[in-house]
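Visitor: Residue numbers (my numbering), protein chains in the order written: chain L, 1 to 210; chain V, 1 to 325.
No lab work stands behind these hints: they were computed from the structure.
Certain hints may be false.
[To be verified] DEER-style ranges, computed between Cβ atoms:
hint : chain 1 : residue 1 : chain 2 : residue 2 : range
1    : L       : Thr21     : V       : Lys84     : 36 to 44 angstroms
2    : L       : Gly54     : V       : Lys206    : 27 to 35 angstroms
3    : L       : Gly189    : V       : Glu164    : 54 to 62 angstroms
This one's a predicted model, so the numbers in the text were calculated from it and none came from an experiment.
Backbone N, C-alpha and C fix where the C-beta goes; we use that ideal spot for every residue, glycine too.
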Amino acid sequence: MAKIDEVKAMVEAGKTKLVPTLVQEALDEGSAAKDILQGMVDSMGIVGDKFSTGEIFVPEMLMAAKAMAKGVDVLKPLMSGDSSNSLGTCIIGTVAGDLHDIGKNLVSMMIESAGFTMVDLGVDVPAERWIEAIKENPNVTLVACSGLLTTTMPALKEAVQTIKGSGLTGFKVIVGGAPVTQEFANEIGADGFAPDAGSAAVKAVELVKA
Amino acid sequence: MLTKRQNLIETMKGGSPDRFVNQFEFMNVIHEAYLSTMCMPGQTVVDGWGITFSWPEGQLGAFPLHDEKHKVLKDITEWKKYVKAPKIPASDEFWAPAIAHANSVDRKEEYVAAVIAPGIFEMTHHLMGVEDALMAMYEEPEAMKELIDYLTQYELDVAKILVEKIHPDCIFHHDDWGSQKNSFVSPEMFDEFLVPAYKKIYGFYKANGVELIVHHNDAYSANLIPAMIEVGIDIWQGVMTTNNTPELIKKYGPQITFMGELDSGVIDFPGWTVENCAKHVRKACETCGKLFFVPNLTQGMNISSFPGVYDCVSKEIDRMSKEMF
Chain L
1 MAKIDEVKAM VEAGKTKLVP TLVQEALDEG SAAKDILQGM VDSMGIVGDK
51 FSTGEIFVPE MLMAAKAMAK GVDVLKPLMS GDSSNSLGTC IIGTVAGDLH
101 DIGKNLVSMM IESAGFTMVD LGVDVPAERW IEAIKENPNV TLVACSGLLT
151 TTMPALKEAV QTIKGSGLTG FKVIVGGAPV TQEFANEIGA DGFAPDAGSA
201 AVKAVELVKA
Chain V
1 MLTKRQNLIE TMKGGSPDRF VNQFEFMNVI HEAYLSTMCM PGQTVVDGWG
51 ITFSWPEGQL GAFPLHDEKH KVLKDITEWK KYVKAPKIPA SDEFWAPAIA
101 HANSVDRKEE YVAAVIAPGI FEMTHHLMGV EDALMAMYEE PEAMKELIDY
151 LTQYELDVAK ILVEKIHPDC IFHHDDWGSQ KNSFVSPEMF DEFLVPAYKK
201 IYGFYKANGV ELIVHHNDAY SANLIPAMIE VGIDIWQGVM TTNNTPELIK
251 KYGPQITFMG ELDSGVIDFP GWTVENCAKH VRKACETCGK LFFVPNLTQG
301 MNISSFPGVY DCVSKEIDRM SKEMF
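So that you can see chain V by itself, here it is in the shape it has in the complex:
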């Protein structure tokens, strides 16, 4: 039997996996190395950039607030006045738990993974609201590119310390790039504003021992796949059914692996059922097949919004492995 890591590699290269890669099983996330401020249910918190997040009790996640009182970046042309990157913790005391966790991982079995969230695009709209961020690409492209460069440099500074402290061999990086139906921006605009940033960031990781780049984006982004490949993404996590994943696997399979197809919205909801999980897992596995595909809820972590759903989906994937391998 292959290790989790070997099985993933076989799946990604179109080789001979001996079962489905089961969701996030290959990734051992070093949560102690997560540098962003966490906002928990029922809380309102301000992060190191001054962005206010609120997580209403009983809802699915935290959201940045962008009324006039809370918007950090009020004028893109004056971004230097408003945007100040937080200090990156560097003390031995801070990093000790992350280093201990990373050292405890059997890297033949699993990848040591660092999580980066939010990503570059999300940071622009967390700072100023999504409408302002998107219009700034048209109205003040130079200022927008300067801001993106600044955010990219911060990510590179984070990358340097992550590499130094925990030597990750996987980066799990979040940045949502669309709605269920389309990317937020055109492929041309994506190439102009975001590809250069991600080439630098993912290029740095690849040049410093990181073997695997997993990018979370639970949206329609089939039109951005050439750019995803260009910047060095190995696995697109969160791929939704609206992308027509089976077609994408046929078209791009050897160049990028697709992780998802189990849309959280129709599986992970208050009245979820085992039967519904099983139905969607079966359909995903049968239509997407054994190679270049990892069946997975589209949520961006190894959790579900409603208790039991993630584990149920994992069991159903194991069931499909027994049936199909």
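So that you can see chain L by itself, here it is in the shape it has in the complex:
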């Protein structure tokens, strides 16, 4: 098996201790950093699909994301200044009043593994804080707003409409969370919706490349 394929397999298997060494070995064999990174992104796509279909569970997804992060750490010094693989910055958080963060954190890991630079605003983010974050960060291409509760759906609507009405441009807004549907996303003016972390990454890429 080519070393880069071993990297891919070990990312998918969530082998956090093995991946950094394998990434280094792949580099030593002459593989380009961007190709190794793309291999890991592809693996995380497979992980996302398996999560969406229920074949794997949350710990396996977390371990795969952690394994990839360890591999990216090895590649980072070689890729500074190379933005060819970056899909831009994604601002993510849960909307005002919502303290649930596991879904948001999983989505963040998956979107990051698709090639975005993540800025995580955490939980209970007021509408105006989203605007500040978009202004504070360079190359924001995506804003991901999460709301898990029926009671925070109005806050999700307020967040999306505040962001969309701010006059700021150059990014898309994606929403998600247990009570959120495609119809609700359309109703509140979001650009995209995803029902789970795996499909969020796919949708994120689709939105910014559109």
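Add chain V to chain L, keeping to what the hints say.
Guide: For chain V alone, coordinates are given in the frame of chain L:
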């Protein structure tokens, strides 16, 4: 007419109930015996384990905080340094109201129920955050098992005093094990980490006069049912529609009873209506049937988030009883 208790027993054994068991009617909860710290709307409180809970005003519940400042367990390999179980109150003064309440219950009519929340899995992630807890199962399984053993022993210590003081014949135990779509962990991982703990806890209760174990878990967990049966759960409360309850009743009915099917998220919301309650209750009763099933909002207590919903659902269940029995 059967008593509430008799009617539940008939439902659970596949006998001849004379009406639907109506939500939590069979359970007389001794709230005075609840040992965890309550966090009310608008409050932020720290419980006996040092876990900080916040309940934003106008929201549905309290949530543990896990930023660096608030996380109790910062390194699973050093759990003994961070995790200290709170002292369990034992004084006569503390227990007097609970004993008086328990003694006032007609046990032929209702079960005297003690509530335990959070459960073992929830405790692990309340202490360290859910991502750390789930990854610890892979990265530091021995330390994780030690922590679970410690939490289990605390629950057993609580169990001993509950049995001694109020002689519960029902335990209502919370531990959410999944999202709407899947369990958090695989059945194999569940068997490895949580089944041994729950066998000890529920085994202790069963060996000490508790007839009924009701476990709250408002999530998808159809894949965990063999384990639920193995640990001694009699009723799975909070079963959501995503589990395909009618199929589960057919498959597992005689071994476990399913209580729920009325997903709180689509019934108990700010703009709730009587018509919507009636629609969901009718569908639940007609599709799940009379045996091994208790129609119930999936929320983990005899309440609703929005005033009136619980009572409305109860009335609609009575209406379906008149129609179907």
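Visitor: Is 27 to 35 angstroms respected by the C-beta to C-beta distance linking Gly54 of chain L and Lys206 of chain V?
Guide: 32 angstroms, holds
Visitor: Regarding Gly189 of chain L and Glu164 of chain V, is the given constraint of 54 to 62 angstroms on their beta-carbon distance met?
Guide: For Glu164 of chain V against Gly189 of chain L, whose Cβ atoms are near 59 angstroms apart, the range 54 to 62 angstroms holds.
Visitor: Just to be sure I understand the hint, the distance between the Cβ atoms of Thr21 of chain L and Lys84 of chain V should be within 36 to 44 angstroms; is that true here?
Guide: 38 angstroms, holds
Violated hints: none; the structure is consistent with every hint.
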